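Please build the complex by placing chain F on the supplied structure of chain Y, with the hints as guidance.
Number of protein chains: 2
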Amino acid sequence: MLVKDRLLIPGPSQVPPQVNAAMLRPIIGHRSGDFAKFYEQVAQKLKKIFQTENEVLILTGSGTAAMEASVGSVVQKGDPVLCIVTGKFGERFVELSQVFGADVTVLEYEWGKPYDLAEVTKVMSEKKFKLVCATHNETSTGVTNDIASLGALCQKYDSLLLVDAVSSMGGMDIKTDAWQVDMMVTGSQKALMLPPGLSFVALSPKALAVIDKNEATNYYLSLKKAKKAQGKWSTPYTPNVTLFYALDAACDMILEEGLENVFARHALLANACRRAVEALGLTLLADEEHASKTVTSFSANVDTEKVRQIMKKKYGYAVAGGQDQLKGKIIRIGHMGYMDVGDLIGCISALELSLKEVGYPVELGKGVAAAMAVIYEGVRA
Amino acid sequence: MLVKDRLLIPGPSQVPPQVNAAMLRPIIGHRSGDFAKFYEQVAQKLKKIFQTENEVLILTGSGTAAMEASVGSVVQKGDPVLCIVTGKFGERFVELSQVFGADVTVLEYEWGKPYDLAEVTKVMSEKKFKLVCATHNETSTGVTNDIASLGALCQKYDSLLLVDAVSSMGGMDIKTDAWQVDMMVTGSQKALMLPPGLSFVALSPKALAVIDKNEATNYYLSLKKAKKAQGKWSTPYTPNVTLFYALDAACDMILEEGLENVFARHALLANACRRAVEALGLTLLADEEHASKTVTSFSANVDTEKVRQIMKKKYGYAVAGGQDQLKGKIIRIGHMGYMDVGDLIGCISALELSLKEVGYPVELGKGVAAAMAVIYEGVRA
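The listed protein sequences derive, respectively, from chains Y and F.
20 is the number of the first residue of the first sequence in the working numbering; add one for each residue after it.
20 is the number of the first residue of the second sequence in the working numbering; add one for each residue after it.
Check the hints yourself; a few may be wrong.
Any copy, or any two copies together, can satisfy a pair, since identical chains are not distinguished.
[Unchecked claim] Derived SDA-like pairs (lysine to any residue); straight-line CA-CA distance at most 25 Å:
(1) Lys232 to Gln95
(2) Lys96 to Ser318
(3) Lys23 to Leu278
(4) Lys333 to Phe282
(5) Lys23 to Met272
(6) Lys96 to Val139
(7) Lys348 to Ser318
(8) Lys325 to Ser81
(9) Lys375 to Ala400
(10) Lys56 to Pro255
(11) Lys385 to Ala298
Treat the hints as calculated values from the structure; they're not laboratory data.
These numbers were taken from a predicted model, which means no experiment stands behind them.
The following block holds chain Y by itself, in its conformation from the complex:
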């Protein structure tokens, strides 16, 4: 049976037709005045979404490129780095720090839990770190970490704070400046509603000062080069011009909807999704306090991979499974970016139908009803 491809994995996410249309614009030369003017215009919009007064650098590469650019542009051989790991993407900071020869301290937490502030405070009080790496929204588990407290700690102990907000920027309230984050990183393909291919780093003056005096250990991903080029509204190497067009259109959509409204929509969909999962008797991975607004993870006493296959094949809904240690154990639903009530309701219905097909006891419509109750109150408010 014909089904539409409905992408509800935790990124890449759906791309709005307005953004697709923007990508049809003819390519212009990236060394032209037209491009510089366009870049400057887009950059102003990005700053609003990042909630920062500093510049946001744009890299042609996906989220990991911006993570590597940040680590590689700051860390010199032997530098002490603290990595706070709450899932797969926290581990990536450990691997990156090792690549650049850092003296890495790892604080690892059970997947599905947030980091423990008391422990981080203790470790930071005992050793000075040049860089602290943390994940705002752990895509692999659907857990959101408290970044404001880390910002205060880094301020107190004079460390740079590097935050991965790949799966939350544009969907959750992220106060880059107020939280005192020195390097805020995200990618294009999540709540920013773009195809994969661009990534972003907002740099504080403190981070810039460190980067400026470092020996170069990278080239394409050099933030020093990127920052210098951006001073002339240019890029050190060829940028993905098409995605710059897309970015401009997506920023317009986000700012026209209004940041508060965007965040409220994500929170509403997340809440509706969680209530549906509970109503179906499934087990949410993240607790209420640390639940992500962009991705919901849960386990079920069934063959979750089979459930995902049915959802995709029979109903068109693509949701994600677990990664690494959670492989085959959880399902992750992405509700980020270009997502509305209809998307979520349809996905929950497909989940119910697929659970029933693998023999899980489902009273069809129960999850949808729970989600609808949340939506009804939220939309009326």
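This is chain F only, laid out in the frame that chain Y set:
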């Protein structure tokens, strides 16, 4: 709150991304060999969908253009025409026949009911008609008429049969040749999954003979000219080349899914929609036997226009109201063409939420659950 525009009116319907992509092809000259080759290729696909061995003419104009072309190319001043009217689009045949000076006999039936075969038989046995006009799927009510019986009658009494299949062709099993229809008309913007702008007429040899010997009373909409041009895989006037590209892509999608599968999908969605409407305590307009597979109409003891407004504004789902005598009295949901389970479930949930908001007693999720029960059985089968 951001909502996606989700078009579920009974046409125009949603256009698949594959079809949109096809329309990006550069325009070619319509008098070129390339166009002729393309036209010939598309025409072969169209014949399969129309279930006819005869040629299907393609007009650049919407459905009414093909209706007028058919009436105007056959009817000469004073010709006796029988119009079987079961709704707004049946009335259009009356108006068209009058424009061309026909001696019109009208058999009108209550909106929401099919025509009465016994009465039509009686009328046809008492008077010879050059042309009988009927509606296969009455878009204004969601009623499907029995065309095979009319075909047999027209054969018996030597009348031409002109059928409006605008809102059913490509979504329902329509046997143009087997039902002995002389002129089968449809438009691009319904179950054929295209934007509005093209319309189609399949002509029997019997119809062609009549058209050939008639005096011209039309020009742009002359089927004689269209047929002559098609002999060289051309069109008498400039065709909408872009929509020809779209048509080719849409025909490919329909034929790849398989006609039987396309019809089964429409039947499943229609059945799920009707069961949801019943579960919500609303009143279906068409009876089970004559219920359309592409549009479902129902009434409710609420302000249906307000319900439609909420559905559109808060949830993005555009559904239609009633027309003319049914204005303000019914809601019509289109489930034709590029539609899947997710579309229908989302629409039903929006209907429930909106009904509840205007004070109609809704146990949220009840309609969705009824639809899901149908879908579960249908998809497993």
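Evaluated hints:
no., hint, in the structure
1, Lys232 to Gln95, "within (11 Å within a copy, 91 Å between copies)"
2, Lys96 to Ser318, "neither (41 Å within a copy, 74 Å between copies)"
3, Lys23 to Leu278, "between (29 Å within a copy, 18 Å between copies)"
4, Lys333 to Phe282, "between (31 Å within a copy, 17 Å between copies)"
5, Lys23 to Met272, "both (24 Å within a copy, 12 Å between copies)"
6, Lys96 to Val139, "within (23 Å within a copy, 92 Å between copies)"
7, Lys348 to Ser318, "within (6 Å within a copy, 46 Å between copies)"
8, Lys325 to Ser81, "neither (30 Å within a copy, 45 Å between copies)"
9, Lys375 to Ala400, "between (34 Å within a copy, 14 Å between copies)"
10, Lys56 to Pro255, "within (16 Å within a copy, 49 Å between copies)"
11, Lys385 to Ala298, "both (6 Å within a copy, 15 Å between copies)"
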